[in-house]
Amino acid sequence: MGTDDTRPTAERAAEPEPTLSDAEREALHEVELGLEWVQRAQGCLLEFHHATGHGMDHLYRAEEVLRTAGHDELADAIRTDLLPHGVVDEDRWSYDVVENFQETLLAETRSLERRVRRDLADGERHVRERRQERAWKRRADERE
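At position 140 of the sequence shown the residue is numbered 148 (this note's numbering), and the sequence of numbers has no breaks.
Since the hints were made in silico from the structure, they are not lab data.
Treat the hints with caution; some may be incorrect.
Stated by the list, open to error - Derived DEER-like restraints, expressed as beta-carbon distance ranges:
hint, residue 1, residue 2, range
1, VAL96, ARG151, 28 to 34 Å
2, HIS93, ALA143, 52 to 58 Å
3, ALA115, ALA59, 21 to 27 Å
4, GLU116, LEU54, 15 to 21 Å
5, GLU34, GLU72, 53 to 59 Å
None of these values were measured; they are calculated from a predicted model.
Note that CB positions come from ideal geometry on N, CA and C, so glycine has one too.
Model the full structure from these sequences, guided by the hints.
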């Protein structure tokens, strides 16, 4: 049975540290960091998706203003060439890129991270950080 990740961090921090070799602890830490960076990449993709959407909203408004100002050819270029165009090719919009990333790389990385934690540390998260936290707290207590 794995660790209950819903318990408060302080409660989990008080438990004994899983018995891991230095190599296992380092591997677990690297997998956790890998997941964190892939999650950050998702954030960048969401930012890209939102920025693209805002840009397209402005172009949509520009189409109306250009048409009102009598510049139908320029308005038509926005309407037919830019607004329906995808970000990767003509058909893949930014939401599609985000969804594909979430359903493939992000989901697979999360799954692997859970598997590594389960197999190496009984599901415990941030084993290396907890070890450092305990060491620093002991060090602070020694000073008192």
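Okay, the hints, checked on the actual structure:
Taken as a hint, the range 28 to 34 Å is violated for the pair VAL96 and ARG151, whose Cβ atoms sit roughly 56 Å apart. As the Cβ distance of HIS93 to ALA143 is approximately 55 Å, the hint placing it in 52 to 58 Å holds. The beta-carbon spacing between ALA115 and ALA59, approximately 24 Å, falls within the hinted interval of 21 to 27 Å. Distance hint for GLU116 and LEU54: a CB-CB separation of about 19 Å, consistent with the stated range 15 to 21 Å.
Restraint check, GLU34 to GLU72: a C-beta distance of roughly 58 Å satisfies the suggested window 53 to 59 Å.
In this structure, only the earlier hint numbered 1 is contradicted, and the remaining ones agree with it.
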